[in-house]
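K.L.:
Spelled out from the first residue to the last, the chains are:
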Amino acid sequence: MNALEYRLIQKEKIAAWSDRWQSEAARFADSHRDLLPRRITNAQLYGLGNVVRSARRYADVEKFIKHQAEKAGRVGRLDVHGYWKDLETALGKLRGEAQTLLKNIPLPVEADSRQALDALHRELASLYVQHLVAHSVYWTPDEEEHKRRER
Amino acid sequence: MSTQDFQEIALRVALSQAIAGKSDEYDRRAQEYASRLTGTKLDKTQVRGLESLACTTDKVSDITDWLKLRVGRDSGRERWAKDGVGRDLFAELDGLRNDAQKIAAALSRTYSLDADQERQVHLRLCREFLKHLAAHFEYLQAEQKR
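Chains H and P, in that order, give the protein sequences. FYI, in the working numbering the residues of the first sequence are 1 to 151. FYI, in the working numbering the residues of the second sequence are 152 to 297.
One or more hints might be untrue.
Said to hold, decoys possible - Straight-line Cα separation of at most 25 Å, DMTMM-like style, residue types lysine to aspartate or glutamate; simulated pairs:
id: 1; chain 1: H; residue 1: LYS11; chain 2: P; residue 2: ASP245
id: 2; chain 1: P; residue 1: LYS210; chain 2: H; residue 2: GLU97
id: 3; chain 1: H; residue 1: LYS93; chain 2: P; residue 2: ASP250
id: 4; chain 1: P; residue 1: LYS282; chain 2: H; residue 2: GLU97
id: 5; chain 1: P; residue 1: LYS282; chain 2: P; residue 2: ASP250
Source of the hints: derived by calculation from the structure; they are not laboratory data.
Can you build the whole structure from these sequences, using the hints too?
P.N.:
Spelled out as structure tokens, the structure:
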């Protein structure tokens with residue numbers, strides 16, 4: 001399989017994976033609904049989205065999430081700390097998904113399998129976060145709305 | 152031409168026919184959404200933006216995520232969140248999955264379908280729906296301005 005064929009098949013597989021996993025990311029958002037939007041703000045979620053989209057390696061995403069968890073832990077915000085730890089676990093598990101996808105698509109001869117796995121893991125994490133952010137914002141009245149209701 | 156080539160072409164034609172049939176059915180519903188959207192502060196670039204996204208993406212989830220974000224960000228409830236129009240449209244597009252299932256099930260009796268076919272039909276149905284929606288919206292808005 002040449003690089004172009006590989007990229008095309010991979011693109012189709014990733015699209016199908018993304019549509020399948022949208023509900024899983026929505027479940028994650030729903031299970032942490034109580035933290036939104038006060039403890040976990042929309043700005044933090046958009047920040048996460050930006051980091052995941054621009055990261056070159058999965059390790060950069062992991063580093064950001066660990067940092068968020070540590071920051072929350074230091075100031076005793078245990079619920080927020082828990083959110084980031086849960087997210088770290090959820091995104092970490094996507095490595096298994098990336099491995100499964102790679103098994104079904106033979107890599108081009110010249111490709112480095114470790115690099116390909118990391119790139120795919122990062123891409124799946126990016127799609128998961130896209131769904132997570134969209135669903136979190138969708139069901140969460142923003143701060144302005146909160147203030148209006150309080151008045 | 153081999154039998155396999157012939158089968159692939161026949162499947163493509165059958166798919167196009169089934170999707171075109173559904174598309175005509177969607178016209179009325181899409182017009183209703185367009186009418187509701189003209190009562191918001193949305194302009195044609197935003198509705199066209201959704202249509203363009205649908206035409207270029209390979210994922211249904213990109214369309215629904217886009218809509219979810221717009222509804223969530225509309226804190227003034229004057230655009231996609233006005234009177235629940237965005238949420239209803241989201242449910243409508245998600246519901247097109249049932250039509251995709253029916254089309255795939257009917258075609259699978261005659262043709263051998265790819266495992267991803269149903270999802271791809273769903274995507275094409277979303278495109279059809281949004282194509283009607285954008286056209287009606289633009290027409291209704293122009294009428295309003297006259």
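K.L.:
For every hint, state whether the structure bears it out.
P.N.:
Each hint, compared with the structure:
1. H/LYS11 with P/ASP245: 22 Å, holds
2. P/LYS210 with H/GLU97: 18 Å, holds
3. H/LYS93 with P/ASP250: Measuring from Cα to Cα gives roughly 33 Å; hence the hint is violated.
4. P/LYS282 with H/GLU97: 34 Å, violated
5. P/LYS282 with P/ASP250: Given that 25 Å is the threshold and the Cα spacing comes to 17 Å, the pair holds.
The structure is inconsistent with the numbered hints 3, 4, although it conforms to all the rest.
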